[in-house]
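Please take these sequences and the hints and turn them into a complete structure.
If you read the protein sequences in the order shown, they are chains A and B. Note that the first sequence covers residues 1 to 216 in the working numbering. Note that the second sequence covers residues 217 to 432 in the working numbering.
Do not take every clue at face value.
What the hints assert, rightly or not - Rough simulated footprint, nothing fancy, chain B against chain A, three-plus residues with beta-carbon under 8 Å:
1. 31–38
2. 69–83
3. 114–128
4. 132–139
5. 203–213
Hints were generated in silico from the structure; no laboratory data involved. Glycine included, every Cβ here is placed at the ideal spot set by N, Cα and C.
Number of protein chains: 2
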Amino acid sequence: MTRSTAPSARTKVRRLRELARYDRSAVNAILDEATVCHVGFVDEGQPFVIPTAIARIHDYAYLHGSRVSRMLKLLAAGNPACITVTLLDGIVVARSAFNSSMNYRSVVILGSAEKVTGENKKIALDAFTEHLIPGRTQDIRASKPKELAATTVVRFSLEEASVKVSEGPPSDEKSDYESDVWAGVIPLALKSGEPQSDPRLKSGIPVPPYIRKRKT
Amino acid sequence: MTRSTAPSARTKVRRLRELARYDRSAVNAILDEATVCHVGFVDEGQPFVIPTAIARIHDYAYLHGSRVSRMLKLLAAGNPACITVTLLDGIVVARSAFNSSMNYRSVVILGSAEKVTGENKKIALDAFTEHLIPGRTQDIRASKPKELAATTVVRFSLEEASVKVSEGPPSDEKSDYESDVWAGVIPLALKSGEPQSDPRLKSGIPVPPYIRKRKT
Chain A
1 MTRSTAPSAR TKVRRLRELA RYDRSAVNAI LDEATVCHVG FVDEGQPFVI
51 PTAIARIHDY AYLHGSRVSR MLKLLAAGNP ACITVTLLDG IVVARSAFNS
101 SMNYRSVVIL GSAEKVTGEN KKIALDAFTE HLIPGRTQDI RASKPKELAA
151 TTVVRFSLEE ASVKVSEGPP SDEKSDYESD VWAGVIPLAL KSGEPQSDPR
201 LKSGIPVPPY IRKRKT
Chain B
217 MTRSTAPSAR TKVRRLRELA RYDRSAVNAI LDEATVCHVG FVDEGQPFVI
267 PTAIARIHDY AYLHGSRVSR MLKLLAAGNP ACITVTLLDG IVVARSAFNS
317 SMNYRSVVIL GSAEKVTGEN KKIALDAFTE HLIPGRTQDI RASKPKELAA
367 TTVVRFSLEE ASVKVSEGPP SDEKSDYESD VWAGVIPLAL KSGEPQSDPR
417 LKSGIPVPPY IRKRKT
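Structure representation (structure tokens):
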């Protein structure tokens, strides 16, 4: 079963507050589980899709990257963009090729970025670290001024974010339910493996508990 | 360490044949391991990024979907597109936030699609099924004419595909190697779980071996 919600304008969200709240909590849950997003932008008529890290703070999705990257320059300049997060949950093995599909949860954010500066930039950079590795910011040194200067941070409002969720068993044609072929779902999930210490790590430094307990 | 290869024109590929061959085998390996890709296209100036299935046959990447979907209509009309496949391999936990990153293998394909019809369309649809579940096409009924008619298949040449691979331990600033903080890599991989039979499956149908042995 696939369901989707797509607020298309601020007025719509105001008129359907219950739906808007549902949307926002579904959007938040998917973004907060994401390891990467895919960013779409256009350069001289050619669309590009680039994987990058994402972090959410309240009602905004944050992206960051090198100050000199084409993507960050185009985003920071306010060009129209699309951020898509996809969490793959399974392969839906139907009794026909036609009805076979995938289970997933996805968010599509349309909009233009605003550049994030000053204290908010530092807060956002910490959010990227904590998003991927909760607890890490307590353990590492602060960013240096030259590192902050080399990094561009932008954010997108979640106002126009839409959610699509596909879940559950296959939905087959009526006549196919008589088939003797197996049907079902193969679950998929992104899993963490055993942490690998850097070969250049000083001796005697154990893997910290917040690294061990990180879930994906 | 991050390395990338990007043939930008046919002439370049001709001039650097060794590199081109390396590229193509790296492109093929990443596409063949992909569960989904993200497709970028532009509609009235707004970029969109949509997750969808992908399958490779020889020197082409194939996409498919409903005949009435906006994406397939725009792709089949030959509008410029970008197909990106990202395989996440790990979180690179450096001694600073600035040098922390991710390990991944990605392919970016730029180009315009051509529509696939007739016998080649059937071959491509089988390729989608076999790509996700090797052995499945032997087990299910053939597609019906109305199913074929409801589906659009397009393909993109891999001529302009580029590869980017980021792998290995963190690369830290020289002074940070004296730090007492842990550093390393948390491996990530998309894993299959135990197959779940459809609740409506006829009784006595076991999970077939080709489903059990499917690797992600």
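For this session: Quick one: see if chain B covers the stretch 31–38 of chain A, three-plus residues with Cβ-Cβ under 8 Å.
Result: holds (count 3)
Problem set entry | Coverage of the stretch 203–213 of chain A by chain B, judged on three or more residues with CB within 8 Å | Check passed, 5 qualifying residues.
Exercise. Are at least 3 residues of the stretch 69–83 of chain A within less than 8 Å of chain B when you compare beta carbons?
Worked result: holds (count 4)
Problem set entry | Coverage assertion for the stretch 114–128 of chain A with respect to chain B, Cβ distance below 8 Å, three residues required | holds (count 3)
Problem set entry | Within 8 Å of chain B's CB atoms, at least three CB atoms from the stretch 132–139 of chain A: coverage verdict | That given contact holds, which follows from 5 residues of the stretch 132–139 of chain A lying within Cβ reach (below 8 Å) of chain B.
The structure fails none of the hints (numbered hints given earlier).
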